[in-house]
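Q: Take a look at the letters that make up each chain.
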Amino acid sequence: AMDTDLSSQDRKDLDKFIKFFALKTVQVIVQARLGEKICTRSSSSPTGSDWFNLAIKDIPEVTHEAKKALAGQLPAVGRSMCVEISLKTSEGDSMELEIWCLEMNEKCDKEIKVSYTVYNRLSLLLKSLLAITRVTPAYRLSRKQGHEYVILYRIYFGEVQLSGLGEGFQTVRVGTVGTPVGTITLSCAYRINLAFMSTRQFERTPPIMGIIIDHFVDRPYPSSSPMHPCNYRAGEDNGAVYPSVEDSQEVCTTSFSTSPPSQCVFTVTKAHFQTPPPVVTDTLKVPVMGLAFSHQLSSSRLSYQPAALGVGSADMGYPVLFAGGLNAAHPHQLIGPGKEGGVPPVPSQPAHGTQADQERMCTPLDGVHYSAATPSSSEDTETVSNSSEGKCGSPHDLLETIFVRKVGAFVNKPINQVTMANLDIPFAMFAPKNVELEDNDPMVNPPASPETESPLQGSLHSEGSSGSSTGNTHDDFVMVDFKPAFSKDDILPMDLGTFYREFQNPPQLSSLSIDIGAQSMAEDLDSLPEKLAVHEKNVKEFDAFVETLQ
Amino acid sequence: PPGAAPAMNCRAEVLEVSVEGRQVEEAMLAVLHTVLLHRSTGKFHYKKEGTYSIGTVGTQDVDCDFIDFAYVRVSSEELDRALRKAVGEFKDALRGSGSDGMGQISLEFYQKKKSRWPFSDECIPWELWTIKVNVVNLANEQERQICREKVGEKLCEKIINIVEVMNRHEYLPKMPTQSEVDNVFDTSLKDVQPYLYKISYQITDSLGTSVTTTMRRLIKDTLAL
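Top to bottom, those sequences are chains Y and E. Per full-length UniProt numbering, the first sequence starts with residue 1, numbered consecutively. Per full-length UniProt numbering, the second sequence starts with residue 1, numbered consecutively.
It is worth saying that the hints were derived from the structure and are not from the lab. Incorrect hints may appear among the rest.
Computed footprint of chain Y on chain E, listed as stretches where at least three residues anywhere in the stretch have a Cβ under 8 Å from a Cβ of chain Y [unchecked claim]: (1) 32-44; (2) 73-86; (3) 126-134; (4) 158-168; (5) 181-195.
Please read all numbers here as calculations on a predicted model, not as lab measurements. No residue lacks a Cβ here, since even glycine has one placed at the ideal position from N, Cα and C.
Please model the entire structure based on the sequences and the hints provided.
A: Below, the structure is given as structure tokens:
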């Protein structure tokens with residue numbers, strides 16, 4: 001595109017507008033997927049720092065990630081900025097939900113005034129983005145996250161890749177703004193095949209496979225109430241400024257006070273996952289999850305490396321609930337962002353993985369909204385922090401960083417039972433199954449059902465019936481002897497299991513057996529002429545009857 | 001004047017929704033707030049030499065109680081109050097006697113054109129949004145639950161429609177000088193500045209047909225089959 005007509009000042013302004021527009025776009029999208037309601041204040045006096053006259057907060061590491069992805073470039077033809085939103089379940093399955101694309105095409109509008117019209121239209125486009133981010137299916141999913149899945153984001157720059165969205169994905173256009181150097185377009189491609197990911201699915205109890213029932217911890221709260229995102233309380237921020245990400249060495253030593261209860265905490269570590277799992281206290285109603293991600297960003301597609309292998313470079317989806325600065329070298333827990341005003345800094349602390357520390361971090365403090373990063377030791381970047389002095393004292397296994405939750409849905413497996421950790425398979429770390437355990441799990445290998453003497457047994461299993469299922473009733477189906485709820489019946493002195501076995505093989509209905517069937521059909525045919533004759537005799541009666549119906 | 005035909009250059013958009021009685025307010029607020037989000041700026045502060053600076057517009061999420069839906073509105077309590085008042089009146093009128101549950105609420109953006117005495121100022125509309133509402137009555141809880149979801153989906157479509165219109169970048173009043181600003185914008189709010197707007201509504205009158213007549217007709221129709 002010829003930009004000789006564009007003054008250099010205009011060109012500079014335009015580039016700046018586009019750059020900040022891209023950064024604000026990312027903020028709006030990511031913030032809309034945090035799972036909580038966003039609220040910013042209007043201000044009648046211009047503050048000078050609110051781009052496009054809109055109060056859109058800047059979550060520092062989101063800006064950081066966006067800048068890294070852009071690497072000093074601007075969206076141009078063939079070079080689009082994409083924000084990918086995906087969902088990851090507690091079992092490790094992940095699925096792309098949306099790709100938001102900020103693209104540039106060649107259609108130029110030479111006449112348009114940069115500093116005025118383009119700026120205002122970009123502002124309008126951001127408002128449209130605010131509105132549209134609430135109406136795609138991923139919004140409702142993200143509002144319900146935390147229980148069995150989380151929402152992640154990933155920013156990349158380059159060619160748009162929509163193949164991960166499944167068949168039949170839909171596109172919604174947010175808007176376009178013409179500029180002298182090209183037309184900016186903002187759109188969203190979203191998956192519609194969410195059938196098996198409906199939010200209802202995540203309200204059911206987790207699967208029983210692989211979990212031993214008696215390992216369930218007592219739930220302090222009834223499981224039927226769904227998690228609700230909490231509303232922001234209008235609180236006072238200390239007005240402190242979050243340290244910029246460039247000061248990354250200091251970032252990880254800050255810890256913040258907690259988030260409102262419904263937010264998830266992530267532990268991000270580099271390689272060895274010796275951080276203790278975050279522990280949920282009674283005051284926290286949500287599962288606290290630890291997830292391990294490799295930190296190195298590259299422009300390649302998201303590829304998952306099991307952390308046990310020492311973590312190759314891959315860009316990973318970042319849990320959207322991060323607030324603290326992300327430093328590749330140090331593990332820290334990050335919780336969702338709070339209100340405007342930034343995160344108050346917390347005094348740096350030595351690394352302690354103790355339960356007490358984590359409980360402290362998880363309980364709300366007055367007036368403060370951001371939650372903390374784990375203080376970690378400032379020592380060398382390659383090893384994991386010393387915070388493994390936590391609960392168990394021994395290096396925690398990978399699975400310790402999976403969804404550990406005191407409220408009971410997921411089992412908190414003792415370390416020595418974990419065997420999947422070293423398997424070189426994707427998502428191994430999220431696999432809740434445990435090979436050893438399965439052998440002892442009565443749900444998987446039920447014990448042989450006992451022989452029972454029942455007076456009904458003989459008559460039910462009639463030898464004469466053809467077509468009944470053959471053989472030993474015990475072979476087809478092995479019932480675990482357990483006491484299901486409501487199965488006790490005062491009338492019949494037997495339990496559900498026994499009942500089932502008793503009545504498992506009833507004899508065939510006589511009408512279904514072939515000879516009897518054939519017999520009755522022949523009879524029917526013979527009797528037809530007779531029946532017809534009777535009806536014909538009564539035809540007048542029938543006609544009169546029909547008359548009354550009209 | 002109410003009921004006047006829109007002037008030339010006034011674009012008109014019509015949206016239709018079918019909702020349950022208790023959903024009327026939230027559905028109307030969702031649409032009106034979404035339009036006003038796009039049609040409000042920060043407060044203007046005029047400086048010397050005809051330049052001005054613009055204040056900052058904050059936004060907030062609103063969850064609906066009776067609809068599976070959430071929307072974004074401008075953070076302005078005054079604006080929210082004004083819309084709630086209008087929508088509340090509309091809802092009451094819909095419920096009132098003589099209504100068969102159909103009506104429409106309109107949001108009109110206009111410019112004032114000052115006239116010389118003795119003529120009063122003209123209001124020239126430049127954009128008119130009309131939301132046609134059909135109130136349905138549901139029989140049981142299951143239907144209500146389905147309605148929650150369905151209306152939520154419909155509202156998502158409406159938001160997308162609104163955004164499409166906004167993106168056309170069609171006529172907008174010129175940015176006014178300080179002396180003209182009140183002819184273009186509503187400067188009475190303390191934190192934001194929407195374009196001058198007015199809200200009106202009409203209830204479709206069933207012209208006095210009584211309930212019993214309707215019932216009789218229904219029964220006859222069924223029997224005629």
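Q: If a hint holds in the structure, say so; if it doesn't, say that too.
A: Structure-based check of all given hints:
As drawn, the stretch 32-44 of chain E meets chain Y at 6 residues by the rule of a beta-carbon pair under 8 Å; at three or more, the given contact holds. For a cut-off of 8 Å, the count of residues in the stretch 73-86 of chain E with a CB near a CB of chain Y stands at 3, and the three-residue condition holds. For the stretch 126-134 of chain E, the stated coverage by chain Y is violated: 0 residues have a C-beta nearer than 8 Å to a C-beta of that chain, whereas at least 3 were required. Counting residues of the stretch 158-168 of chain E whose C-beta lies closer than 8 Å to any C-beta of chain Y gives 7; at least three are required, and the coverage claim holds.
Under the rule that three or more residues need a Cβ within less than 8 Å of chain Y, the assignment of the stretch 181-195 of chain E holds, with 3 such residues.
The earlier numbered hint that this structure contradicts is number 3, and it is the only one.
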